[in-house]
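Student: Read top to bottom, the protein sequences are chains A and B. The first sequence finishes on residue 267 if you use numbering that gives the first Met the number 0, and the numbering steps up by one all the way, no holes. The second sequence finishes on residue 542 if you use numbering that gives the first Met the number 0, and the numbering steps up by one all the way, no holes.
Honestly, the hints are just simulated from the structure, not real lab data. Every residue, glycine too, gets a C-beta built ideally from N, C-alpha and C. It is possible that part of the hints are untrue.
Claimed, not checked - Covered stretches of chain B, going by a simulated chain A footprint (3 or more residues, C-beta under 8 angstroms):
1) 381 to 395
2) 401 to 411
Unchecked claim - Take a look, some chain B residues computed to stay more than 12 angstroms from chain A by CB distance:
3) Val146
4) Arg295
5) Asn356
What the hints assert, rightly or not - Think about it this way: if two alpha-carbon atoms lie no more than 27 angstroms apart in a straight line, the pair counts; the simulated DSS-like pairs of lysine-lysine are:
6) A:Lys228 to B:Lys141
7) B:Lys202 to B:Lys173
8) B:Lys113 to B:Lys173
9) B:Lys379 to A:Lys228
10) B:Lys285 to B:Lys466
11) B:Lys85 to B:Lys141
12) B:Lys187 to B:Lys37
13) B:Lys398 to A:Lys228
14) B:Lys85 to B:Lys158
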Amino acid sequence: MKWLRAAAMSLLVVVTVASLVPQLLSGASYARQFRDLPDSPPSRQHLLGTDDLGRDRLSRLLYGTRVSLLLAPAAALLTTALAAFIGGIAGFEGGRLEKIIMGATDLFLSLPWLFLLITVRAALPLNVSPGASLVITFVLLGCLGWAGAARVICAAARSIAGSDFILLARASGDGGFRMLWRHLLPNLRPIVLAQFWLAVPAFILTEANLGVLGLGVSEPLPSWGSLLKDLGTFSGMPGSPWRFAPLILFIVVVSSFHFVLSTEELPA
Amino acid sequence: MKTRLALVMFVVLMVGTAGSASAQAGGELRFCLHSEPKTFNPLLAQDEASESIRYLTGGVLVRLNRQTQQLEPELATAWKISDQGKTISFHLRENLRFSDGTPFSADDVAYTVKQLMDPALHSPVGDEFRSGTGNVQTRVVKKNQIVVTFPAPVSGMDKLFDQVAIMSAQSPKKEMAVLGPYYVAENKAGAYLLLRRNPNYWKHDASGRQLPYVETVRVDIQQNRDIEMLRLTRGEIDFINSIDAEYYDKLVSTHTAIANDAGVSLDSEQMWFNQVPGSPLPAYKKAWFTSTNFRRAISESINRADLSRIAFRGHARPAVGPISPGNKFWFNANLQPHPFDQRSALQRLSQDGLRLNSGVLRDRDGHAVEFSIITNAGNKYRERMATMIQQDLAGIGIKVNVVTLDFPSLIERITRTYDYEACLLGLMNNDLDPNSQMNVWLSSSDNHQWNPAQKTPATAWEAEIDKVMRAQAASLDVKTRKKLVDRLQEIVWQEEPFIYLVNKDALSAVSPSLRNAHPVVLNPQVYWNIDQLSLGNEMARNR
Chain A
0 MKWLRAAAMS
10 LLVVVTVASL
20 VPQLLSGASY
30 ARQFRDLPDS
40 PPSRQHLLGT
50 DDLGRDRLSR
60 LLYGTRVSLL
70 LAPAAALLTT
80 ALAAFIGGIA
90 GFEGGRLEKI
100 IMGATDLFLS
110 LPWLFLLITV
120 RAALPLNVSP
130 GASLVITFVL
140 LGCLGWAGAA
150 RVICAAARSI
160 AGSDFILLAR
170 ASGDGGFRML
180 WRHLLPNLRP
190 IVLAQFWLAV
200 PAFILTEANL
210 GVLGLGVSEP
220 LPSWGSLLKD
230 LGTFSGMPGS
240 PWRFAPLILF
250 IVVVSSFHFV
260 LSTEELPA
Chain B
0 MKTRLALVMF
10 VVLMVGTAGS
20 ASAQAGGELR
30 FCLHSEPKTF
40 NPLLAQDEAS
50 ESIRYLTGGV
60 LVRLNRQTQQ
70 LEPELATAWK
80 ISDQGKTISF
90 HLRENLRFSD
100 GTPFSADDVA
110 YTVKQLMDPA
120 LHSPVGDEFR
130 SGTGNVQTRV
140 VKKNQIVVTF
150 PAPVSGMDKL
160 FDQVAIMSAQ
170 SPKKEMAVLG
180 PYYVAENKAG
190 AYLLLRRNPN
200 YWKHDASGRQ
210 LPYVETVRVD
220 IQQNRDIEML
230 RLTRGEIDFI
240 NSIDAEYYDK
250 LVSTHTAIAN
260 DAGVSLDSEQ
270 MWFNQVPGSP
280 LPAYKKAWFT
290 STNFRRAISE
300 SINRADLSRI
310 AFRGHARPAV
320 GPISPGNKFW
330 FNANLQPHPF
340 DQRSALQRLS
350 QDGLRLNSGV
360 LRDRDGHAVE
370 FSIITNAGNK
380 YRERMATMIQ
390 QDLAGIGIKV
400 NVVTLDFPSL
410 IERITRTYDY
420 EACLLGLMNN
430 DLDPNSQMNV
440 WLSSSDNHQW
450 NPAQKTPATA
460 WEAEIDKVMR
470 AQAASLDVKT
480 RKKLVDRLQE
490 IVWQEEPFIY
500 LVNKDALSAV
510 SPSLRNAHPV
520 VLNPQVYWNI
530 DQLSLGNEMA
540 RNR
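Using the sequences plus the hints, can you model the full thing?
Tutor: Take a look at the structure:
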């Protein structure tokens with residue numbers, strides 16, 4: 000299935016590049032409202048038509064893709080780092096420390112964190128720019144999403160801690176940071192990478208969910224969440240299939256991440 | 000002293016006779032409510048579903064005709080207000096019976112009023128009659144005559160009885176014994192309600208046939224609007240009482256005959272600035288928000304025509320003030336919506352020392368003018384309006400941050416912490432009488448949103464509003480009240496504590512098989528004349 004992996008990687012690269020230089024594909028600003036052309040079908044001027052406020056759909060799709068594709072991996076990196084640190088130490092040290100950390104992790108997992116996210120988001124200052132609100136949203140996602148991954152990493156670290164080569168390393172006098180850096184982390188790498196790749200689409204979906212609730216990235220900045228919100232009423236869809244473009248791109252990108260993941264999970 | 004003499008009975012009986020000749024009796028009318036009713040006690044109805052059931056089943060002394068917006072006799076043939084608005088006497092129809100056969104008399108009215116005003120019941124309908132401390136006295140003069148005396152004058156008292164469904168004092172069925180066109184025959188919680196024709200309903204059409212025409216009404220509980228629309232287009236339900244602009248347009252494109260726009264409704268959408276002195280805003284922002292020039296400038300910089308045309312797809316009108324043009328009598332027709340004029344806006348702002356420099360509006364101290372507008376998440380119309388206002392105000396160098404919040408967080412900010420700058424919300428108004436807005440306009444009120452619960456009015460114009468509202472509430476002369484309410488609208492138009500944006504149209508969808516349906520702007524838009532609705536021959540036969 001190497002070709003599938005290559006295709007998925009290529010597609011992710013193409014989408015990322017297109018989202019980084021949206022002006023090459025669409026001349027209109029994502030925020031400008033062409034008020035004489037609300038909800039217009041595709042035309043030469045607007046290749047994917049305009050949204051309900053007359054904004055260019057293609058431009059918004061590309062900017063929204065940029066937002067989600069750049070910030071979701073960043074949030075995933077943050078959450079994976081937290082999970083690796085917390086789960087790695089708990090699993091490697093074991094005993095009481097592991098029980099305490101995993102107890103806290105279970106407590107964190109049991110929180111209705113979508114509601115928690117909504118609450119935290121509502122408590123933030125109101126006068127933040129759309130860009131800042133965007134970063135805050137993804138940092139919050141990154142900070143709140145580590146618990147599930149930490150459990151997986153903890154289990155893996157526990158298994159490694161009991162292995163013969165670790166025993167040998169201990170017998171050779173290794174310990175502390177060197178033990179973590181030289182022996183534990185390299186062996187946890189496939190698990191940590193898998194958690195990272197799993198977190199990316201999960202965060203894209205979460206931001207989309209928040210966007211559908213109207214609590215994601217603030218206007219006029221687009222994100223996949225706000226773009227998918229447009230599909231809220233299916234009764235208006237059949238006559239305007241171009242409105243499915245964000246959904247199609249979303250499915251394609253999330254699927255690509257999973258194809259890339261399936262190869263990353265293979266033993267190194 | 001205000002006197003209201005009722006029209007004679009046959010006027011009511013003649014209403015809707017045009018369609019009666021061809022009306023097909025029988026059949027089952029079907030429609031959806033979006034939640035199940037929380038109560039069948041008509042005095043406790045507060046949610047939309049309970050109010051709908053009350054309207055379909057309850058018999059009232061007087062009824063506000065939703066089409067003419069005039070009060071008409073129902074169980075009472077005549078009524079008279081006296082004692083400077085404290086007393087109302089009713090002459091009742093005779094020989095009427097509740098749905099279970101229990102006879103109707105003045106004792107039932109006395110019982111209902113007693114229940115209504117019982118403080119332990121906490122009736123939201125009763126709250127509207129509470130104008131002073133003391134007990135309400137009821138005196139049954141005859142079997143068909145009763146006098147009700149309130150401790151203090153109640154403005155617009157007769158109209159308030161439109162919401163008071165009379166309950167039986169004797170029936171063992173209590174609130175389930177009704178005087179309205181239907182009674183609740185079956186209630187499957189969360190699924191549907193089945194209403195059957197009241198065999199003792201007193202109204203007849205011109206040909207002497209007993210009303211209502213339709214035998215049963217099935218009310219399905221359906222939260223999903225898409226499914227509701229599909230069911231309507233498939234002919235499974237007969238109408239949707241209220242639809243939004245998008246559904247309306249969709250219907251127009253596919254089922255033109257079904258869609259109905261009754262014109263501008265009483266509902267309004269508005270924004271306001273936080274003027275609470277103790278709010279945690281910097282002093283320079285408080286200075287902006289409390290300036291009439293600033294508010295007027297913001298108002299003039301908002302393109303209301305675009306809001307109506309784009310955000311509401313043309314199914315809204317630029318708003319003028321607190322009373323919608325849909326409220327035929329109370330609306331001040333001398334006022335017009337504020338025009339979209341950004342040049343004039345900049346002139347007003349310059350009077351306050353705010354100037355546009357390199358595309359950024361700054362005050363005297365150099366602060367760039369920037370504020371946030373909060374609105375409730377999930378309301379696409381408000382989100383659209385806020386985004387459009389964001390672009391409009393960018394045209395005069397103001398940066399607006401649009402923040403959508405979940406409703407509890409928003410309410411917390413606007414009623415407790417006052418930690419917000421501007422808010423965009425709407426007001427659903429079901430009552431024609433301006434008294435229903437008393438809790439918004441009095442400066443001492445908790446709902447005086449821009450600066451609630453003031454000990455003394457903060458400004459001269461708020462003091463005048465207090466005076467005007469109290470004076471109109473105390474007056475029983477309609478002309479005097481109209482003058483005072485016109486003045487209220489002028490002050491609000493001038494000072495703009497609320498920047499009124501649009502009044503939405505009353506949109507509904509009615510199947511062509513439903514006869515005698517004439518949707519109106521007041522609730523309930525479609526079934527306000529439920530006893531005169533009938534189904535087409537084929538539909539009545541099939542159900």
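Student: Name the hints, by number, that the structure is in violation of.
Tutor: 6
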